[in-house]
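So the protein lines, in turn, are chains V and D. When we follow the numbering used here, the leftmost residue of the first sequence carries the number 1, and every step to the right adds one. When we follow the numbering used here, the leftmost residue of the second sequence carries the number 357, and every step to the right adds one.
It should be emphasised that the hints constitute simulated quantities derived from the structure, not laboratory data. Among the hints, a few may not be true.
[Stated by the list, open to error] No farther apart than 25 Å at their CA atoms in a straight line, the calculated lysine to aspartate or glutamate pairs in the DMTMM-like style are these:
#, chain 1, residue 1, chain 2, residue 2
1, D, Lys625, D, Asp539
2, D, Lys385, V, Asp195
3, V, Lys29, D, Asp524
There are 2 protein chains.
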Amino acid sequence: MDSSGLLALSQERQSQVDAVLARFFSLAKNRAAAFGPQYVALWETLENNTIGGKRFRPRMVMCAYDALGGTDLEAAAYVGAAFELLHTALIVHDDVIDNDFVRRGSPNISGTYRDRALAAGATQRAADHSGISAAVIAGDLALFNSYRLIDRSGVSGEIRTRLIEVMDDALFASAAGELIDVDFSMLPEVPRVDDILTMERLKTAVYSFECPLQAGAILAGASDEVVATLGDFGREIGIAYQIVDDLLGVFGLESETGKTTIGDLREGKRTVMIAYATSTREWASVEPVFGTEDLTEADAARIRDVLVGCGAKNFTEGLARYYTNRALARLAEPHIPPALRLELHPLADDVLGRVK
Amino acid sequence: MDSSGLLALSQERQSQVDAVLARFFSLAKNRAAAFGPQYVALWETLENNTIGGKRFRPRMVMCAYDALGGTDLEAAAYVGAAFELLHTALIVHDDVIDNDFVRRGSPNISGTYRDRALAAGATQRAADHSGISAAVIAGDLALFNSYRLIDRSGVSGEIRTRLIEVMDDALFASAAGELIDVDFSMLPEVPRVDDILTMERLKTAVYSFECPLQAGAILAGASDEVVATLGDFGREIGIAYQIVDDLLGVFGLESETGKTTIGDLREGKRTVMIAYATSTREWASVEPVFGTEDLTEADAARIRDVLVGCGAKNFTEGLARYYTNRALARLAEPHIPPALRLELHPLADDVLGRVK
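Assemble the whole structure, with the sequences as input and the hints as a guide.
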């Protein structure tokens, strides 16, 4: 299939997932109406927080399902939507944990409710409380309903049980990763490269790559061997993706990533690249400004120079390539059907392509 | 059955639920061990937060189930444990919303983690962050797994679907009630009596009484009519329970309730009784001290005098009696089996008995 064919396929899948989510939220809002307009507004805010995403996790589900011969694309869209809702729940609660009111430049649920309360004349403290409360509640609703969407996909019996187990694995790992991340934030020193890799894998890669790919394969009735290999592929490519994401957070083009390349440096985000850099002599010259709120563009440029000069950028790019190659090696295994290889190879290329 | 027989029955049921929860946490801790000791510790903290409860919601499930002829008490214990875990999730996240680090005089999950971080030398801010993070994560795990316990009960097909729907109703209502509660806290004026009743019903009574009773009946294969009537009974008795709970928060005996009778007054908790009182002329004399942190025992005594003098206490007791009578009227309906009436009548008596 040429790349425009792939694009059309991906858009078709995305619109199926969008339709499932639109139906889910429409039902929820109708049901909420009996509890008053405020509750409908909360569901609307939650819905708005799922719109405009890249539907990354549903894509994982659907491409595995499709390439493994699955034919009930609507069921796959439901399972994909379940992972999208799990993702929403996790980022909404992650923002509560980090006391963030903004995500990617726009107010998140906390921010929306805080701004609304401030506009209505609330004190800052009361407005913050309103924001955080709405986010805790909305995240709970998203989490619980991610589970429900598996049921609504119409699957039953053994397949349903295994899908729920994969969802469970996803949350179980993500909670473990979130906990490690919080523990890291209490440490004065930057953790080691491998500890950061483990944390990022658990917190994000497992539920974003490993589990959605496995869910798609299970739904398609794939063999245990294929499901396991897809999990391995997802884990490796997920780690690579996280590494690249952190690279782009400092070296990316704002026009492409939609994120500033100064935010992570101001926040003092402890990435693999930073962990590597802190082990070098060069780091000392920029350490005092790293993680300071008033870090300037000039400071950021100096840090970038150090990250290049000390070899951290190079090392990190190499690490991303290493994990991508490991992922590709899994795809080369003989029990992986060619159609699946054809679906997932471009994905691996995309991940690395983002660094170039 | 005499009252010692009832007590033995209730203890037997409670130990069955305890056994289910112990097994669930034991499995979770084994599984968490692969992610490191901190994750095991989080599960232990969550487990400790479910121990020592009155297993109120499981009792609702099991008494409905048993009285309606159910014989698989282990399945009922699983469904009961599911509601217990839902309850844990909701109170853990409610404490996050209220920024509370203590519940009933002991550190909750946030408090446990905050204290641990402080002892390890963290700043107050970092320690608070650690506490709230642990509570958000632990609540998510409890919420997700409340759903899982329904599956582990071994039920399937139509009964499973209906049980999940009842769990969904429970969370859906509780989230609506929590949202209204947060909105109330932003209002300068005390809401009206009926608005407070609605909020308390949604936030607590639905998931504590209405839904667990319905779940027990569904599991026992009861008719739709019986399930509906039990829901009605649960709603009425649940409202009565909440009203009595708020009365005891001000007039109860600390030795019996385990709660101080000054906490609600210091917090300025807006209960039905307070809503009534604020509509009277007498309230003006104590309004300035109500809801102040440094409210003294003498202030509390003055407020209690006003609550008695203005008729608020009397009105509130009358309201509790009214809802209890409405609940009992549902039990008198002809399609309610005598065994169920025998189980639930003492419950209604208990609720009112707490006021005397």
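Here's how the hints hold up against the structure:
1. D:Lys625 / D:Asp539: Given pair D:Lys625, D:Asp539 holds - Cα atoms ~14 Å apart, limit 25 Å.
2. D:Lys385 / V:Asp195: Status holds; Cα separation ~21 Å.
3. V:Lys29 / D:Asp524: 14 Å, holds
Every hint from the earlier list agrees with this structure, and none is contradicted.
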